[in-house]
Every structure is written in C-alpha cells, then in structure tokens.
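Going line by line, the protein sequences match chains Z and E. Going by the numbering used here, the first residue of the first sequence is number 574, and it counts up by one from there. Going by the numbering used here, the first residue of the second sequence is number 53, and it counts up by one from there.
Source of the hints: derived by calculation from the structure; they are not laboratory data. Some hints here could point you the wrong way.
[Said to hold, decoys possible] Estimated spans, in silico, between C-beta atoms of each pair: (1) 324(E) - 716(Z): 25 to 35 Å; (2) 281(E) - 716(Z): 44 to 54 Å; (3) 224(E) - 591(Z): 12 to 22 Å; (4) 720(Z) - 281(E): 36 to 46 Å; (5) 346(E) - 716(Z): 33 to 43 Å; (6) 631(Z) - 204(E): 52 to 62 Å; (7) 360(E) - 720(Z): 32 to 42 Å; (8) 803(Z) - 130(E): 38 to 48 Å; (9) 273(E) - 631(Z): 48 to 58 Å.
[To be verified] Beyond 12 Å from chain Z on every Cβ pair, some chain E residues (computed): (10) 117; (11) 132; (12) 148; (13) 213; (14) 219; (15) 252; (16) 308.
[Claimed, not checked] Part of the chain E face toward chain Z, derived, beta carbon under 8 Å: (17) 78; (18) 81; (19) 92; (20) 95; (21) 157; (22) 180; (23) 181; (24) 200; (25) 314; (26) 317; (27) 318; (28) 330; (29) 334; (30) 341.
Backbone N, C-alpha and C fix where the C-beta goes; we use that ideal spot for every residue, glycine too.
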Amino acid sequence: MEHSSLAGRIFRGIALTLILIFFMFPIVWIFMMSFQNNDQILRIPPRILFEPTLANYEALISGQLRTAAGSLQMPFMRNLFNSVVLSSAAVLLALLLGVPAAYAFARFKFRLGETIAFTLLSFRFAPPLLVLLPLSLYYQELGLSDTYFGIVWVYQLIALPLILWIVRGYFEDISPDIEHAYRLAGHSWREAFTRIAVPLAGPGIAAAGLLSFIFCWNNFVFALILASADKQPVTVGALAFVTASGIQYGQIAAAIVLSVTPTLLLALYAQRYLVEGLSLGAVKG
Amino acid sequence: MSMVQSLPTNAQAAPAKPRPRVRLLPYLLSLPALLICVAILVPFVTAAVYSLQRYRLNLPYLRGFIGAGNYIDFLSDPAFWNTFQVSITYTVLTVVVELLLGLGIALLLRRPTRFHNAVSIMLLLPLMTAPAIAALMWKLMTNPSFGILSYMVSLFGVTDFKWASDPSSALFTVVLVDVWVYTPFIMILLLAGLRSLPRQPFEAAALDGVPASFVFFRITLPMLAPYIITASLFRLLDSIQQFDIIYAMTQGGPGDRLMVFQVQAYLEFFQYTNVGRSAALLMILWLITNILSNIFIKNWLRLRERAHGHA
Numbered sequence: 574m575e576h577s578s579l580a581g582r583i584f585r586g587i588a589l590t591l592i593l594i595f596f597m598f599p600i601v602w603i604f605m606m607s608f609q610n611n612d613q614i615l616r617i618p619p620r621i622l623f624e625p626t627l628a629n630y631e632a633l634i635s636g637q638l639r640t641a642a643g644s645l646q647m648p649f650m651r652n653l654f655n656s657v658v659l660s661s662a663a664v665l666l667a668l669l670l671g672v673p674a675a676y677a678f679a680r681f682k683f684r685l686g687e688t689i690a691f692t693l694l695s696f697r698f699a700p701p702l703l704v705l706l707p708l709s710l711y712y713q714e715l716g717l718s719d720t721y722f723g724i725v726w727v728y729q730l731i732a733l734p735l736i737l738w739i740v741r742g743y744f745e746d747i748s749p750d751i752e753h754a755y756r757l758a759g760h761s762w763r764e765a766f767t768r769i770a771v772p773l774a775g776p777g778i779a780a781a782g783l784l785s786f787i788f789c790w791n792n793f794v795f796a797l798i799l800a801s802a803d804k805q806p807v808t809v810g811a812l813a814f815v816t817a818s819g820i821q822y823g824q825i826a827a828a829i830v831l832s833v834t835p836t837l838l839l840a841l842y843a844q845r846y847l848v849e850g851l852s853l854g855a856v857k858g
Numbered sequence: 053m054s055m056v057q058s059l060p061t062n063a064q065a066a067p068a069k070p071r072p073r074v075r076l077l078p079y080l081l082s083l084p085a086l087l088i089c090v091a092i093l094v095p096f097v098t099a100a101v102y103s104l105q106r107y108r109l110n111l112p113y114l115r116g117f118i119g120a121g122n123y124i125d126f127l128s129d130p131a132f133w134n135t136f137q138v139s140i141t142y143t144v145l146t147v148v149v150e151l152l153l154g155l156g157i158a159l160l161l162r163r164p165t166r167f168h169n170a171v172s173i174m175l176l177l178p179l180m181t182a183p184a185i186a187a188l189m190w191k192l193m194t195n196p197s198f199g200i201l202s203y204m205v206s207l208f209g210v211t212d213f214k215w216a217s218d219p220s221s222a223l224f225t226v227v228l229v230d231v232w233v234y235t236p237f238i239m240i241l242l243l244a245g246l247r248s249l250p251r252q253p254f255e256a257a258a259l260d261g262v263p264a265s266f267v268f269f270r271i272t273l274p275m276l277a278p279y280i281i282t283a284s285l286f287r288l289l290d291s292i293q294q295f296d297i298i299y300a301m302t303q304g305g306p307g308d309r310l311m312v313f314q315v316q317a318y319l320e321f322f323q324y325t326n327v328g329r330s331a332a333l334l335m336i337l338w339l340i341t342n343i344l345s346n347i348f349i350k351n352w353l354r355l356r357e358r359a360h361g362h363a
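Looking at chain Z on its own, in the form it has when it is part of the complex (with noise of 0.2 Å):
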C-alpha cells in the first residue's frame, strides 16, 4: 500500500477524481443553477460560463415570484426563519434536559437508567411514522398540532436520544476522582456538575449539540405531518416550493442553496466532531 506502482497511483489518481465528481458535481451544479435566470438554465447545450444574476435570490427574499402567469407570494423567507427558530429551540431544550440526565446514566448505574437509555436508542431505529402518525391525532386533541411547541417538543424525538448517548460517553471518559476531590473540598454535587464535569465534557456537548442542530434541520417527516404552511421549515417548505413555482428553475435552485447553506457551513466547521457524533460514539475519531 504505502509504496504503489505507477499504474496503482494512476488508478488511484482517476478513481479519486470520480468519486469527487460524483460527490461534488450536484452541489456545485445546482449552485451555479441559482444564479441563473430561466432562458440561461434551458440553453442546450448547457454552459459553465454564464452571466451571473442575483435576482432568484431577491425574489426569495422580497416573497414576490414573478410568473409568466403573474405575481406569486412565496413566503420561503419565512420557511428559513422557521427552520432557524424550531432548530435552534430544540438542540436548546435537548441539551438542558439531556446534559443532566446523560450526566446521571454516567455517573449512576441505576436500572432506570439503563432502561431509559435502551428504550431511547431502540426507537431511534423504529420508523418515525409509527411514533408521528397517532401522535398527530393526539396534538389535535390537545391542540398542539402547528404550534412551535409541539414540533419543538417532537425534534426532542430526535435531539434527545442523540445527546444522551454522545454526551453519557464523554462523561464517562472522564475519571470520577476529580469531582470527588472537589466534593470533597466542601461543594455540592451541582457545583461538581457545572464546575467540572461539564467543562471536560465540553467537545463532547458542543458535537453532540451541533450534530443534533444539524439533524433537526434536515427533517422532513416531523413537520410534514405535524406544521401547516407557515410553521414549516425548509425541507418541507422547499418541496410545496417546487410544487407552487412550476417552472421557475432558478428560483428553485436557490430557495436549495439557501436551506443546505447553513447545514453544510456547521458541517465544514465541526467536522472532527462528526465522525464521532455519526456513530453515537461508537468510533473514536
């Protein structure tokens, strides 16, 4: 392996070069796409040069969608605060609600534990539908159905179990003896928790924390059954997008760019944490 013959480096130079372009070319593709207009786009043979404009950006960002037909209102705008707000609020709750109780599975064994642990990591593979589809008949009863709430409190589904387990792992790296000596010294077991579990813990919580944003920003399902039009988030927003503009390809092509920009930057800025946070731990990066 570590010293190939030329055919074998050949081979390896081409194979790597396909793999980039199969990766790569839909991203850097559909980046181009959005800043051009509709003629540009249906040119055949397409073109890698192009005159760039920035109008599909303006028209997501003023709301107004000019159509051969007229003037459209297409709130995408809206969709991305969307996504920001539930994201956001719910990596929030999950951490101030997981942190703690992984704290706890680590430290504690208690067969309460164990069980809570094995129910939250058997229902991260049940299908999400099982789960979503009474629950939606439940959120009518309830009226949480197209609150911020109830979808918040539903992402917990998938930021919870993620924090629990990534964040139970780096906790229980951590050797108890200093927190004993600290205890010892006189503080309680919170200031033990806050003081020095928590900042040794800390890649642990920020990976599992920017793992979770991440997921909770990539669902689909959650708020395709649970939010109507104005609470939905991007990757709901972006498909009745597709279905309400028809043919405007740019507009299109940018309301993608917009959605995966932010996940894809956190991404490129956390990706030593990700191969650990991917395998819930499982694999030490």
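Take the given structure of chain Z and dock chain E to it, following the hints.
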C-alpha cells in the same frame, strides 16, 4: 468499574450530604428523558391498538376491534406484497452499493495525508444535505427538458431516459440519490475503523512480501469486520424506512413502483384515511427493524466499549 462504587463511598466521606438525596438524584436528573420515553411509548402503544381496529377517519361509526384482521388482509393483498418487495429491493440495493463504494473510498483515503483528509471532509457535504432537499437537487438535474444528467445521457445516444418518472428507471434513480447521500456515512465509519487498526500485522506482512490481495482478505477485512457490520446495520435500519428521498422525488410513484413501507403508510393515513391499515403496516415494519436493531445494538455496544477502552 471504579466509578460505580466510588460515589457511595464519597457520600459517606461527606457527612453533610445525607444518603437518600444521592439516591434520588439520578432519578430527578433523568426525569425529562423519562418523559420523552413516555411521549414515545404512548403513541407506540396507541399505534399497536389501532392496528387491531377497523378505523377509518372518514367512517368513524364503523370503528371497532377486528383482531388481526388488518394483518390477515395483507396476506392476500398484492399492494402489500408490492410494498414488501419494493422496500426489500431498495434496502438491499442501497446497502450493497453504499458498502462496496464506501469501503473502496475508505481504502483509497486510508493514509492520513492532507489531501486525503480534505477529500473526506468534502465527502461529508452530501451526508449533511437534508435527504428531501437532495432529492430536489437530483430532480432538477434529471429534468427531461434541461437537466444536466438528461443532457449527458443524451450525449451517449440515450435520448428518452426519463429517470424517476419512468417505472423502469425510477428505482435506479432513487437508489442513486440514496447512494449519493449515504455512501459518505459508510466511508467515514470505515475510514475511522481502518485508521484505528494496529499497524504491526501490516508491517509484518509487508516485510514478508505477502501479496496485497492476501493482506486485504485475510488481515484488513477480518479486522474491519465489526466496523463493517455496524455501518451496514445502521444503514440497513435507515434504508428500509426510507421516506424523505422517495416522497420528495415521486411520492411513491410512478404508479406503485416506489411504494416503500413508510410512504405507503403515509398515504394510507392521509389519502385513504385508513388509520387501522396504516398502523398495521407500520407495526410490521417495526417488527422487522426491531429484530435488526437488537442485533445492531449488541454489535454497536461491543464496538463502543472497545473504543472507550472498557473492554
């Protein structure tokens, strides 16, 4: 493990703290997580009950207990067997392709050079794209009138390739999108696995001039097996429940060509308002995933213990 016993001793050492408070503490701390569990289990049990009922939202007066009626109906229902077959085909195709491709890429990027690390970071981007949005991206690229991919296949003389809108190529198209999104997941896990393998066996094999294929099949693959199993089970569990990509791409069509379990259940619920049938369908899917996830969790815990050094 030392941390298990050390807290009670600590409680004795600090007489200011009475023992019962320490006992209560873990339960207080995990209360929110417990509530979430209840919030999952109540709808789950509800779904199980619905699956045993004749329950249609548009015909509420017909509602009643019919035992295994919904399940028995499935046995003679070609729509159910179509769903079953499409789901299994989709799952097997995606997992096999993603595993082979992911393993191949991980092997190519094995040496931690700066270039290889940059490539592996770039490959994270498809994985971090929302699957529903990824489907829209590919929808734009496969559009018959201007899609770049339609144009590219036309260069090879295939002028009428309809991608997701043709029954014969729809499955291929959604599998392609799934492969685009999720291959990096397998790649990343296997790359982390490969790089954590001990070096000695490989150095010894290199010294003895053992052929590369022997090294791969007799050393690399067996040592990587736990990672391969964990990654494939992870994908298997997600793939058999795929909803976002297929729904965003074709809503299960054309016809019933892509009616996987969750899409079918969604349509049964919202389009045909047949809650009982929808719930029964999801219970069957849950049974399949539950068997798989039990195997998975066992495997994953073993791997996790090893990574965290408790083994």
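Here is how each hint holds up against the structure:
no.: 1; hint: 324(E) - 716(Z): 25 to 35 Å; verdict: holds (26 Å)
no.: 2; hint: 281(E) - 716(Z): 44 to 54 Å; verdict: holds (46 Å)
no.: 3; hint: 224(E) - 591(Z): 12 to 22 Å; verdict: holds (19 Å)
no.: 4; hint: 720(Z) - 281(E): 36 to 46 Å; verdict: holds (42 Å)
no.: 5; hint: 346(E) - 716(Z): 33 to 43 Å; verdict: holds (37 Å)
no.: 6; hint: 631(Z) - 204(E): 52 to 62 Å; verdict: violated (31 Å)
no.: 7; hint: 360(E) - 720(Z): 32 to 42 Å; verdict: holds (40 Å)
no.: 8; hint: 803(Z) - 130(E): 38 to 48 Å; verdict: holds (41 Å)
no.: 9; hint: 273(E) - 631(Z): 48 to 58 Å; verdict: holds (54 Å)
no.: 10; hint: 117; verdict: holds (17 Å)
no.: 11; hint: 132; verdict: holds (16 Å)
no.: 12; hint: 148; verdict: holds (17 Å)
no.: 13; hint: 213; verdict: holds (15 Å)
no.: 14; hint: 219; verdict: holds (22 Å)
no.: 15; hint: 252; verdict: holds (15 Å)
no.: 16; hint: 308; verdict: holds (18 Å)
no.: 17; hint: 78; verdict: holds (4 Å)
no.: 18; hint: 81; verdict: holds (4 Å)
no.: 19; hint: 92; verdict: holds (5 Å)
no.: 20; hint: 95; verdict: holds (4 Å)
no.: 21; hint: 157; verdict: holds (6 Å)
no.: 22; hint: 180; verdict: holds (4 Å)
no.: 23; hint: 181; verdict: holds (5 Å)
no.: 24; hint: 200; verdict: holds (6 Å)
no.: 25; hint: 314; verdict: holds (5 Å)
no.: 26; hint: 317; verdict: holds (5 Å)
no.: 27; hint: 318; verdict: holds (6 Å)
no.: 28; hint: 330; verdict: holds (6 Å)
no.: 29; hint: 334; verdict: holds (4 Å)
no.: 30; hint: 341; verdict: holds (6 Å)
Of the numbered hints given earlier, the model fails hint 6 alone.
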